[in-house]
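A.B. asks: Chains as they are written, first to last, in our numbering: chain E, 1 to 107; chain F, 1 to 112.
Mixed in with the good hints, there may be bad ones.
Quick list of the computed label-pair ranges, beta carbon to beta carbon [stated by the list, open to error]:
#, chain 1, residue 1, chain 2, residue 2, range
1, E, 46, F, 72, 18 to 28 Å
2, E, 59, F, 16, 45 to 55 Å
3, E, 93, F, 14, 36 to 46 Å
4, F, 71, E, 18, 19 to 29 Å
5, E, 26, F, 30, 23 to 33 Å
6, E, 2, F, 83, 17 to 27 Å
7, E, 39, F, 83, 24 to 34 Å
Straight-line alpha carbon distances no greater than 25 Å define the calculated DSS-like cross-link-like pairs of lysine-lysine that follow [as the list claims (entries may be wrong)]:
#, chain 1, residue 1, chain 2, residue 2
8, F, 57, E, 2
9, F, 71, F, 57
10, E, 79, E, 2
11, F, 71, E, 94
12, F, 14, F, 71
13, F, 71, E, 45
14, F, 57, E, 45
15, E, 94, F, 57
16, E, 42, F, 9
17, F, 9, E, 45
18, E, 2, E, 45
The hints are simulated quantities; they were obtained by calculation from the structure and are not laboratory data.
Yeah, the Cβ is synthetic: ideal placement off N, Cα and C, and Gly gets one too.
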Amino acid sequence: RKEVEQDPGPFNVPEGATVAFNCTYSNSASQSFFWYRQDCRKEPKLLMSVYSSGNEDGRFTAQLNRASQYISLLIRDSKLSDSATYLCVVNDYKLSFGAGTTVTVRA
Amino acid sequence: NAGVTQTPKFRVLKTGQSMTLLCAQDMNHEYMYWYRQDPGMGLRLIHYSVGEGTTAKGEVPDGYNVSRLKKQNFLLGLESAAPSQTSVYFCASSEGTYNEQFFGPGTRLTVL
Chain E
1 RKEVEQDPGP FNVPEGATVA FNCTYSNSAS QSFFWYRQDC RKEPKLLMSV
51 YSSGNEDGRF TAQLNRASQY ISLLIRDSKL SDSATYLCVV NDYKLSFGAG
101 TTVTVRA
Chain F
1 NAGVTQTPKF RVLKTGQSMT LLCAQDMNHE YMYWYRQDPG MGLRLIHYSV
51 GEGTTAKGEV PDGYNVSRLK KQNFLLGLES AAPSQTSVYF CASSEGTYNE
101 QFFGPGTRLT VL
């Protein structure tokens, strides 16, 4: 079983829509969690950390469910510029990356 | 600040050739990492370093060697390239184990 698993998508949504997707992780002792964003043929960049109580950063909301071992990312009021691959990252002394969920926002 | 830079950006090798990828960071980070990214797979850790003069194996270290002679540089070597090493290689750095990692722009390597 992979350490971090994501639905690869793609999620194809119109501008203004809400899109949400999850990521599951296998190590119950994992300490910290992140969402990174990767644009086509570019390097990954940190989007946001994921805290136990859930957290928001503008239109982005991240949630952590330790009991079921998954984290989620919700994007509200999608913009064309949100089109990217979103990488789920779990840290238990090293970073383990999911393969990514591709989101395409259409006009 | 340039952040994390990688040299070269692209390279084509023949099977059996050797090469070195250079990563440099100007953020005074202790930790540095080398990853490879293949289609449909997450980034996989090749080797990492927790400080100048130290290196350690990651998830997929076979066929690669690394050196960290200076704090700001982390070199990845391929002694005898194989087609299976065709990939995009990313270098990253961070202040510590649980801190954000900053990535370089990547090196696209093709081994024929």
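A.B. asks: Work down the list of hints and note, for each, if the structure agrees.
C.D. replies: Now for the hints, and whether the structure bears them out:
1. Evaluation of the 18 to 28 Å hint for residue 46 of chain E and residue 72 of chain F yields a pass: the beta carbon distance comes to about 21 Å.
2. Evaluation of the 45 to 55 Å hint for residue 59 of chain E and residue 16 of chain F yields a pass: the beta carbon distance comes to about 50 Å.
3. Remark: the range hint 36 to 46 Å for residue 93 of chain E to residue 14 of chain F is upheld by a beta-carbon distance near 38 Å.
4. With their beta carbons about 44 Å apart, residue 71 of chain F and residue 18 of chain E fall outside the hinted range of 19 to 29 Å.
5. Between residue 26 of chain E and residue 30 of chain F the beta carbon distance is about 28 Å. The supplied range of 23 to 33 Å therefore holds.
6. Judged by the Cβ atoms, the range 17 to 27 Å given for residue 2 of chain E and residue 83 of chain F holds: they are separated by roughly 24 Å.
7. Our hint of 24 to 34 Å for residue 39 of chain E and residue 83 of chain F holds, since their Cβ atoms are close to 27 Å apart.
8. Between residue 57 of chain F and residue 2 of chain E the CA atoms are separated by roughly 19 Å; this keeps the pair inside 25 Å, and the hint holds.
9. In summary, the hint linking residue 71 of chain F to residue 57 of chain F is supported, as the alpha carbons are separated by about 18 Å, within the 25 Å threshold.
10. For the hint linking residue 79 of chain E to residue 2 of chain E, the alpha-carbon distance of about 31 Å lies beyond 25 Å, and the restraint is violated.
11. At roughly 20 Å between alpha-carbon atoms, residue 71 of chain F and residue 94 of chain E fall within 25 Å of each other, so this suggested pair holds.
12. A threshold of 25 Å between alpha carbons decides the hint, and for residue 14 of chain F with residue 71 of chain F the separation of about 31 Å lies outside it, so the pair is violated.
13. Proposed proximity of residue 71 of chain F and residue 45 of chain E is supported: the alpha carbons are some 22 Å apart, at most 25 Å.
14. The suggested pairing of residue 57 of chain F with residue 45 of chain E holds, with an alpha-carbon distance near 24 Å, which does not exceed 25 Å.
15. Between residue 94 of chain E and residue 57 of chain F, the direct Cα distance comes to roughly 12 Å. Compliance with the 25 Å bound is thereby established for this hinted pair.
16. Proximity of residue 42 of chain E to residue 9 of chain F is assessed by CA-CA distance (about 11 Å); at most 25 Å being required, the pair is judged to hold.
17. Taking the CA atoms of residue 9 of chain F and residue 45 of chain E, the gap is near 18 Å; set against the 25 Å cutoff, the hint holds.
18. Between residue 2 of chain E and residue 45 of chain E, the direct Cα distance comes to roughly 22 Å. Compliance with the 25 Å bound is thereby established for this hinted pair.
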